[in-house]
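Protein chains in written order, with my numbering: chain A, 1 to 472; chain B, 1001 to 1477.
No lab work stands behind these hints, which were simulated from the structure alone.
Owing to the predicted nature of the structure, the values given are computational and were not obtained by experimental measurement.
Be careful, since some hints might not be right.
[Claimed, not checked] Listed next, the in silico DSS-like pairs over lysine-lysine satisfying Cα-Cα at most 25 Å (straight line):
| no. | chain 1 | residue 1 | chain 2 | residue 2 |
| --- | --- | --- | --- | --- |
| 1 | A | 460 | A | 440 |
| 2 | B | 1374 | B | 1353 |
| 3 | A | 221 | A | 130 |
| 4 | A | 83 | B | 1353 |
| 5 | B | 1374 | A | 83 |
| 6 | A | 440 | A | 451 |
[To be verified] Chain A regions said to be covered by chain B (calculated; three or more residues, Cβ under 8 Å):
| no. | region |
| --- | --- |
| 7 | 43-50 |
| 8 | 53-60 |
| 9 | 75-87 |
| 10 | 137-145 |
| 11 | 282-288 |
C-beta: ideal position from N, C-alpha, C; glycine also.
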Amino acid sequence: MSELSDGWEMVIGLEVHVELATKSKLFCGCSNSFGDQPNTNVCPTCLGLPGSLPVVNAQAVQYAMTLGRAIGCTVSPSVFARKNYFYPDMPKDYQTTQYDQPTNEDGSLELPDGTVIGIERAHIEEDTGKSTHLGGGGRIHDATATLVDYNRAGVPLVEVVTRPELTSADEARAYVAELRDILIATGVSDARMEEGSMRVDANVSVRPTGDAELRTRCEIKNINSLRSLGRAINYEARRHVALYEAGEAPSQETRHWDEDGGRSTSGRSKEDADDYRYFACPDLPPLAPTPAELAAIDEAMPVLPGRRRSALASAAGVSMAETSLAVERGLDTFALDAIAAGGQGISVMKHVDQNLADGVGVMTAESFAALVALEADGALSATQVKTVLYEMVASGGQPADIAASMGFEAMDNSELESLLDQLIADNPDEWARFAEGDSKVQGFFVGQIMKATQGKADGKIVNQLMSAKAKA
Amino acid sequence: MSTPTAIEIAAQVRSGSQSATAALESSLSDIAERDRELHSFLHLTEDRARAQAAAVDAVVAAGNDPGPLAGVPIALKDNMCTRGAPTTCSSKMLEGWKPPYDATVVSRLEAAGALVVGKTNLDEFAMGSSTENSAFGPTRNPHDPSRVPGGSSGGSAAAVGAGLVPVSLGSDTGGSIRQPASLCGVVGVKPTYGAVSRYGLIAFASSLDQIGPFATTVGDAALVLDAISGHDPLDATSIPAAIPTVSSALTNGVAGKRIGIIDELMGEGIDEDVLRQTELAAEAFRSAGATVERVSIPATIYGLAAYYLIAPAEASSNLARYDGVRYGARVDGGNVEAMNIATRTAGFGDEVKRRIMLGTYALSSGYYDAYYGKAQRVRSLIAAEFATAYEQFDLLLSPTSPSTAFELGAKSDPMALYMCDVCTIPSNLVGHPAMSVPFGSGDDGLPIGVQILAPMLHEPAMFAAAAVLEAAQKGSS
Ligand SMILES: [Zn+2]
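This is chain A alone, in the form it adopts within the complex (with noise of 0.2 Å):
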């Protein structure tokens, strides 16, 4: 659905920074973790000192290249690239990154709907250091002091960058949500966005919808999660269309997205960005991943989440995105099993994104089909069936042992319309006004019902019989 006014859409483009999961730094043996005391982990290296020299991280590499071969990139010999600029919590002065020959190029992710975002490339690089600007406005041209953190320094980042593609802010999310299930899925980085292990900037245009020219973009910086990613991208192309249809033009430049604010901010205006000179790091040898290498990668790779959605949608009979959080919550196998085993698919699914939040715990996917089928027979009623689950969750056991334990045999209904004649009897002026088609008085009979079978009775069951009774 389109946030904007008739007759404009959206390009966006997300440029992802994404943190490896390595134990250590990229260039240097510095432990690689978020949260210590200010300048504990760093080395000559990472602190870019006089005579230093990096070596890079094995394992990075491979997760880069993990991440790489995971959505659907080439994966090609790749040369190291210092680009220069001057800023205090960049150590050397320079960031090393990969600038025209990258590891990863050309991929795709294709999202729980079925659209396909194209992936220019997803680029291997150094975090900088971590600057806090006291006094003035809080930037470093008027703070009276900066201090610097260089622990971040040298952490091991992919960039992943998108094609201009995307339409809307749901689909910026769902592919931010997509691309953190594969790092999750593959181990390559916790993609948690509130630490920063996971940064999102936005490139946000409008154009008059069916046009096939780009406009002027913005970047946008600073955005925290997936609320403040969609709230971005709304605002910012509602400002865009504002601004053109006010008979002026957006500039190119970099903004920073105030989320208490709901808005974005002017940053560094593009016309006058630094020229970067990258060229080729001399102090690292190109990377050439071997043959071996990258069938050793594709190897170890797990299912991804869109192969475990199309597989589990197509067992249990729903769409891909009603497996969406099945798989997120990891128990896209479980359910699978547990339609082996012969449980309903639509029901599965229902408990496991209604019921399961908290996991499956010590319950067999067997047992668990098997309280689906009670459930399906009629046996036991809603209420019956969650508490049978939770006691299968905590302690395991088979669901109607524990049905019997708790006491929830099936009634028949021949048991329950006796009770429920009884009932008409005892209260024959209730009863009249039921019939009349005072619903009001329903509850009424249902939880007396309840109260002498001790919940044992079906609602539903309970209802039929009233209304086959009134209309005889």
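Knowing the structure of chain A, use the given hints to seat chain B with the ligand on it.
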């Protein structure tokens, strides 16, 4: 000069006939006495050297092996990191900075029993050919103090030339070991790129920089090179294979070897006496059984131009980190950017600024292809031509420096100084080993070196040829 060689000192210390401490004190007193005039040292590391000497003596006393360089005093160019001791690159930018770690070569030298006595003068950040570009004053040539020692490793060359230490280390980016070796009358070696770790060598131009030894004899140079070469996991450009030792190859001679004299380096711009000594070296090779012929490597004439784009380009990036934020000089400026500018304006000398600007320009968008890109293509072309030459020849021969040592202040035009490296630059561009060996003197009585060049990792053949020239010199003197 009666100064003992490193081989002699090590033999005495290993046998117990002289203590490492005595060898050290002798060197330190020579330095105290004679370096006031030369200024080859910027700082001494006496405490560290004395502790190391005592340790070596203790190893000897215990009957254990103190290493091949036991008790040998050695000086290091002041662009190699020494833990806790000043490492300045002869720049105000790093004045007072003490690295928290040792360069790999320092660890290896000490593991071999050597005594690091001090840090020597250089052109600021190794940029120059005369050691006049030092922020702490020039070094003088031990053969004539009115003249330069060459550069940029002028301090290390002069210290050995003056006999203050038997051996030293320099770094060679475009000739910074070989040219001062020639001017100071000592042996100077630029090894194969990647044979010696650069970890802890403060970078000038990373793809060209290589550490190597100065010595008074070919044998001493071999002893030091064997101690410092070999793979280092801390340097990703270090060759991950065994590096052939050279000490064992010194007596191999050149009989049957084919040696080519590089045509393009035997003409214009090279002094007559230098050409004469190079031809005499060729004669010495012929007498020892080698065939010597002229060979044309036409692209060498573009080496200088390519070098002065590639080296400054890398330097502009390598020297960006001197921004006043973390270490070294800082000049306040109101905000971070102004502080960066004020620090770099005050901290760097003119030649360093000139090369940073040159390199920044060469890498700029719109100019990259015409300058840096084209220079890299020239580099590939030179490598291809050298490869072709080495199909016909085992080794190559050329002058090292176009002239003998010149007067301080004689070459105030940067271009005139850049020309000093015309013979030495090609080896850096292609990563091959090359060394300068003293071979007689010029019409002014000052030393002249000739350069022997070899293919990648062919140091043993190069040293064997150097030993032939050294023997021919002894025979003629
Ligand atoms: Zn580190």
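List of violated hint numbers, smallest to largest: none
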